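Number of protein chains: 4
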Amino acid sequence: MCRWLAYSGSPVLIEELLLKPKHSLIDQSLHSQLGAETTNGDGFGIGWYGVAETPGTFHSIEPAWNDRNLRDVAAHIQSPLVFAHIRASSGSAVQQTNCHPFRYGRWLWMHNGVIRDFHEVKRELVLAVDPSLYPDLEGSTDSEAFFYLALTFGLEDDPPAAVERAVGLIEQVGRRQGIEHPIQMTVATTDGRSVWAFRYSSERDSRSLFYSTRVDTLREQHPEVEVLRQLSDESRLVVSEPLGDLAGAWNEVPESSWGVIQEGQDELHEFTPRPPG
Amino acid sequence: MCRWLAYSGSPVLIEELLLKPKHSLIDQSLHSQLGAETTNGDGFGIGWYGVAETPGTFHSIEPAWNDRNLRDVAAHIQSPLVFAHIRASSGSAVQQTNCHPFRYGRWLWMHNGVIRDFHEVKRELVLAVDPSLYPDLEGSTDSEAFFYLALTFGLEDDPPAAVERAVGLIEQVGRRQGIEHPIQMTVATTDGRSVWAFRYSSERDSRSLFYSTRVDTLREQHPEVEVLRQLSDESRLVVSEPLGDLAGAWNEVPESSWGVIQEGQDELHEFTPRPPG
Amino acid sequence: MCRWLAYSGSPVLIEELLLKPKHSLIDQSLHSQLGAETTNGDGFGIGWYGVAETPGTFHSIEPAWNDRNLRDVAAHIQSPLVFAHIRASSGSAVQQTNCHPFRYGRWLWMHNGVIRDFHEVKRELVLAVDPSLYPDLEGSTDSEAFFYLALTFGLEDDPPAAVERAVGLIEQVGRRQGIEHPIQMTVATTDGRSVWAFRYSSERDSRSLFYSTRVDTLREQHPEVEVLRQLSDESRLVVSEPLGDLAGAWNEVPESSWGVIQEGQDELHEFTPRPPG
Amino acid sequence: MCRWLAYSGSPVLIEELLLKPKHSLIDQSLHSQLGAETTNGDGFGIGWYGVAETPGTFHSIEPAWNDRNLRDVAAHIQSPLVFAHIRASSGSAVQQTNCHPFRYGRWLWMHNGVIRDFHEVKRELVLAVDPSLYPDLEGSTDSEAFFYLALTFGLEDDPPAAVERAVGLIEQVGRRQGIEHPIQMTVATTDGRSVWAFRYSSERDSRSLFYSTRVDTLREQHPEVEVLRQLSDESRLVVSEPLGDLAGAWNEVPESSWGVIQEGQDELHEFTPRPPG
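Protein chains in written order, with our numbering: chain A, 3 to 279; chain B, 3 to 279; chain C, 3 to 279; chain D, 3 to 279.
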């Protein structure tokens, strides 16, 4: 099982999110929780937006916090939008091109879960990727193929619809092969402005997903937590598991739904796979 | 441009072939020549047969002789059949799954050259790979796709025919896309008993390929070279470039041909791509 | 905490010891136990004797069984004397030169434990290393410094005496700095023929250490275990923790003692640090 | 032979200095020149100042531009003070702790050259390092030992005097061992505000060192070069070799001298080793 977090808000040092729980919204439990996953992980990755047009990424196949370059980068880059992912391989090679978050142009994508029996359905799914996108597939994971299917179905124009169509196809192909529950997922994707998060599984028993309460609410409830004063009202975290122990800090994303963190009002909707044809 | 060597004969320490020119058929020029390539390389790999059913491989993305594990392995494994390859990337990621030699079951495969404009033809070629083999493709190179096409066309039963059919397809697909000279190649492949080597290019101007003279002939011509006394008569090297300066040691493989090193009489034949259908 | 195992006996594939519990003396619990440590580990290493004068080593800083080269090497090398070690860093860099087993000439050395407050005593201990050995120190760990102290005190001539003198010095230097319990250790060292194992700690509460019962005894008690028929009577394992669930298979090395596995009769003695001067 | 560059001036993307010659003061020849060194290199490193108290560093042992993390970091970090170094090992291990620039607190250090016969003098030099600094030595290179000697002799208070004393000691120790020319060096060091550069060798035949002409002068001479308009007048490069082909862009640092790039007037002085006691 993978783990991920997505942050959007006031610019922060990446290490504030990942490494320094006591100086961040993420309390000390982050360290042990993320730590536990990290040392179990088969690759780690971060993505961030900053001074360039496209996001930067850093992918590591060493146990994450043994990677001194990663620590130094996390300690020296500030960003208003950060993705981080810990991978637990379900079989494909542990190599940088298999580490999340994946990038295409201005977009980032990360996935916790699995396309079941991917070995059986890989060829048919990859064939459904738009031929113009196909040659850019670099790794060998189910998650990257899923990303390219979403791109094929219009991720850049309408992310929720594109993911619903990609999942519809994955379920159709999988069921044709006799796979009972073809997909299990939480997904985050972003264009550098908004962050979309998805929670779904064919068996309707999806991995957990949480988003943080608005900072202004938290600030009212916890005037003693200093870091909250430095964050804008709209700063938000979306995470696989609740972090820290601030009462009232976390809301669970309901089963089979998607949400978007954006300028103005955030939204939360039902997620319904759309089978092709 | 990549470089490779294939050795078949009396069991030798792998380092004798790669690192210790003065104790081997390969004279000191090997060191500098291979050395030059090595430091220019985008990955290095060896494959060998020995105590197990399938061959072992070691793939490195560090400059080859900086990799201490590789040096130690080469110094501690004896084998009667060794492949070694230095990669110069034509664009795809530098990662272990892109390093030659590639392995499938008992087979090894390595390639010097290029499928031109691979980005344009990759999808169509990969689609031609047998669906049962497709999920085992792990990397993103033209050379691995070429290997899987040869497997699809019967490499395990009739290697020359399979490679001729794979090249026929690559040329057909490439020309349909307006690519003038779709393929440039020297290839070596083995099942652990015989070694097949191929020299071909669409423009009939192929990279060089050489095989060593029989050891008994060399021994007669050079009674002063001690190591020759330790090698069996049938020990052979096939290489991208002649190694060492033993007069009479090397024979060029002619343009558009293939040869096989095997028990009994070696053979040399014309290579003729066979377009499908 | 690190873990290690030392094997001496009939030649086996290294993977039989590390990876294939059901085909080896090491039962399935090895996999999970070693596995758990592995993924928690900050480096992994093996050393083995075989075709060359000096032992081979392979050091990895990736989670051990993600390292495909390591798996391939373990599956393709047979050896009658194997050391394996999983490192848990107590602070020094995760790099190959800090991975056990360390090698000097024909000798291998591995250590589970710690020289406490090494940062405080490092300079004085390293100064005590023989000046002719000093420049060969390559890493930055307490364990490598300990090895070089033992070499300085005559490891190659009388291993138990040399280790007793090295520990005597470490305790003297540590106590002078106010360190209550300067050393905690299990150590294995070998010259490729005999294997010496040590269990000691300043507080006389040392980490566990076990050696396997003679194979002939085991064979009598467990006629149903096929692999036992393939091993010579004198094959032996020394391990940090008992492996497998064969009743009667393991003997604990007593507190403050050392043993040697050698041709002829094995021995077990008391371990007594010898302070210098 | 190593190569390095130091940049101080208007904030630039690190890739502008290293990767995009046509958009930078460094013209296209950089790419091929640095490229040539890079692929020959035994490690690469960058250091930069930015959002944190201490500088960030990134050290790579892969051929530099194969390292995708390094490319991404260089493309996403802007900095007013950047060090970059390509290492050619003279024997010590290729590992991240041996890559320049070295860091201590706010200081960075990089060295092109060699302490000759370092194996012979290493112990005596390392013993001269202040005991409080000694435990922080992490690698095994002459260059890092040289840095720690300079720190011992007061680098943080008076860099030129500290380097003169360190070199004085290195020459004294070396000559006592019969080494004719104990040191060859160009060195750059910085506290994040000023950059000191040194050119010296015992044989008075030092490796080359150049600093760039003031940007205002260049701008006058080359009004056609757009990027010059974006840089502040005081932006400066110090490099092992002249880069680009802008006439009038480079000044050679004279033999046996040191200079400082600082706010206000830069300076250039004679360098005179100071033997201890």
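Be aware that a few hints might be false.
Label-pair restraints from in silico Cβ distances [unchecked claim]:
no. : chain 1 : residue 1 : chain 2 : residue 2 : range
1   : A       : A54       : B       : P256      : 31 to 41 Å
2   : C       : E228      : A       : P133      : 34 to 44 Å
3   : C       : D138      : D       : W252      : 39 to 49 Å
4   : A       : D138      : B       : D159      : 30 to 40 Å
5   : A       : A54       : D       : Q223      : 23 to 33 Å
6   : C       : Q232      : D       : P137      : 40 to 50 Å
7   : A       : D119      : C       : Q232      : 35 to 45 Å
8   : A       : A54       : D       : N253      : 26 to 36 Å
9   : B       : V53       : C       : D119      : 27 to 37 Å
10  : D       : P133      : A       : D138      : 52 to 62 Å
11  : B       : V53       : D       : D207      : 49 to 59 Å
12  : B       : E122      : D       : P137      : 38 to 48 Å
13  : C       : E205      : D       : P137      : 40 to 50 Å
Quick caveat, the hints were computed from the structure, so don't treat them as lab data.
Quick caveat, the model's predicted, so the values are computed rather than measured.
Glycine included, C-beta positions come from ideal geometry on N, C-alpha and C.
Sort out which numbered hints this structure fails and list those numbers smallest first. Checked against the structure, the hints that fail are numbers 1, 2, 9, 12 and 13, while the rest are satisfied.
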